[in-house]
Amino acid sequence: METLKLDVRNQICPSTLLVALKEINIHQAALRHGTLALVVLSDNRDSTTRIAEAAENMGYAVTVDKEGAHYRLTIAGRSE
Amino acid sequence: MTYHAFLIAGFSLLLGLAAGVVMHRADFCIAGMFRDLFLTGVDGMQRSLLLMIAASMVLLEAGRLAGLFPAMQVLYKTPALTNLLGGILFGIGMVLAGGCVVGTLYKMGAGRFPSLLAFFGLLAGSVLYAEIHPVWMAWTDYLKLPVIGKTLPVHLGLATTPMIFGLAVILAVPLWRWLRTGAMVRPSVVSGYLQPWKAALLLALIGVAACGLLGSPMGITTSYAKMGSWIEQLFFPEHVAGLAYFQNETMMAVERFGGGPLSGGGGPRLDGVVVLQFPLIAGIVLGAAASAILLGEFRLSFRLPWRQALSAVLGGVAMGLASRLAPGCNVWHLLGGGPLLVTQSLLFILGLFPGAWLGARLFVNVVLR
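Line order of the protein sequences matches chains X and U. Residue numbers for the first sequence follow this note's numbering, beginning at 1 and rising by one. Residue numbers for the second sequence follow this note's numbering, beginning at 1001 and rising by one.
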């Protein structure tokens, strides 16, 4: 599976969420077919929840991991 | 420094430290709560903001009735439509800056570069106000509301205490339902997360403690004018000395610990503002920094798209200017004046809604273009 990394650390909220949503929409076909995973790096504590909520509502699977001083969100198509 | 001033400065620092930790752990971003009403809708964050206001309302009135502090309404001015205009500009500024005046402080403490830029913008905006102060005061006089008194109960001819507790009962119905159904809980996996509804209650307690220990609700924006005037004085000392706003002294706090009421202003001198507000500012920054360091989340980075950098600075300028136009910031009005039913605070809060809507439009269509 290909991985696309999106680094939105240090940005003003809500650009963190909006930029992530824009990338999800651009790559929705590949994400749904399971050929692409979108990795979002964010240091905005609240946006980890907002991005995860929005992506899950759109039908994607989201995992959030702490990676040093920031969070790594992995967004991919659901396997079921 | 007198004994009573030392006590007040110490308590101010402690309250600031507590507020900094709480706001960082919950990411209690008031600017975001107003902005997201128009971008993503209502969720646990806005409900928690309402809880903070309702809890502050009850605690402030209970504290006054218990004799812990005298009425705080005396610190607020008479209402004018300029309070509404100040709220609108503040709403735009806080969205563009990515945080309100205390949001800027706790985010700056956690190492966020955009908030540092907004901080410098706040200083510039506050100094800018000094240039238009006489004109703005003339407009404020002209736009004063034809009402007697400073609070809504006085305007309506109602008793304050029953009105406050009546409103609290009305607000308690949805708040209790949201708490019971979990609608105020935010699902989060970040380290050391503090649920916003708990943060709301803690901030309400900190706000009422400020009234008891400092003799004033939490407020910080006169400090921005003072810091800005000190910097401006380095380059244009004669100009600063000639500006009426920098000569003004306004009451800052009611009497506490027998030392008399604290007073001060935005001018470049050591006065009550330094005792009351500077430690609070330092505390919020240090509290948030300590929280971020303990969680391993403190990281300095200066990488930022130029449009967002400009947005942070201009948002800060707008907030700095607005907090003098209003006068006061969102915390002064949301944690203090609003719960006390002070009319100028209610006008300011009303102005935050169209301001946040405009700010959100500008951010999405211009900054993120």
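Bear in mind the hints are in silico, worked out from the structure with no lab data behind them. A virtual CB, placed ideally from N, CA and C, is assigned to each residue, including glycine. Hints may contain errors.
As the list claims (entries may be wrong) - Have a look at the derived ranges for each label pair, beta carbon to beta carbon:
{"hint": "1", "chain 1": "U", "residue 1": "Pro1261", "chain 2": "X", "residue 2": "Asn25", "range": "38 to 46 angstroms"}
{"hint": "2", "chain 1": "X", "residue 1": "Met58", "chain 2": "U", "residue 2": "Leu1350", "range": "30 to 38 angstroms"}
{"hint": "3", "chain 1": "U", "residue 1": "Arg1299", "chain 2": "X", "residue 2": "Thr3", "range": "19 to 27 angstroms"}
{"hint": "4", "chain 1": "X", "residue 1": "Thr35", "chain 2": "U", "residue 2": "Val1366", "range": "46 to 54 angstroms"}
{"hint": "5", "chain 1": "U", "residue 1": "Met1163", "chain 2": "X", "residue 2": "Glu53", "range": "49 to 57 angstroms"}
{"hint": "6", "chain 1": "U", "residue 1": "Phe1353", "chain 2": "X", "residue 2": "Thr35", "range": "38 to 46 angstroms"}
{"hint": "7", "chain 1": "U", "residue 1": "Ala1241", "chain 2": "X", "residue 2": "Thr74", "range": "16 to 24 angstroms"}
{"hint": "8", "chain 1": "X", "residue 1": "Thr3", "chain 2": "U", "residue 2": "Val1189", "range": "53 to 61 angstroms"}
{"hint": "9", "chain 1": "X", "residue 1": "Glu53", "chain 2": "U", "residue 2": "Trp1176", "range": "38 to 46 angstroms"}
Claimed, not checked - Residues from chain X that keep clear of chain U, each with C-beta distances beyond 12 angstroms, as calculated:
{"hint": "10", "residue": "Val8"}
{"hint": "11", "residue": "Ser15"}
{"hint": "12", "residue": "Leu17"}
{"hint": "13", "residue": "Ala30"}
{"hint": "14", "residue": "Val39"}
{"hint": "15", "residue": "Asn44"}
{"hint": "16", "residue": "Thr49"}
{"hint": "17", "residue": "Ala54"}
{"hint": "18", "residue": "Tyr60"}
{"hint": "19", "residue": "Lys66"}
{"hint": "20", "residue": "Gly68"}
{"hint": "21", "residue": "Leu73"}
{"hint": "22", "residue": "Gly77"}
Unmet hints by their number, sorted upward, for this structure: Violated hints (numbers, rising): 1, 4, 5, 7, 8, 9, 10, 11, 12, 15, 16, 17, 19, 20, 21; every other hint is consistent with the structure.
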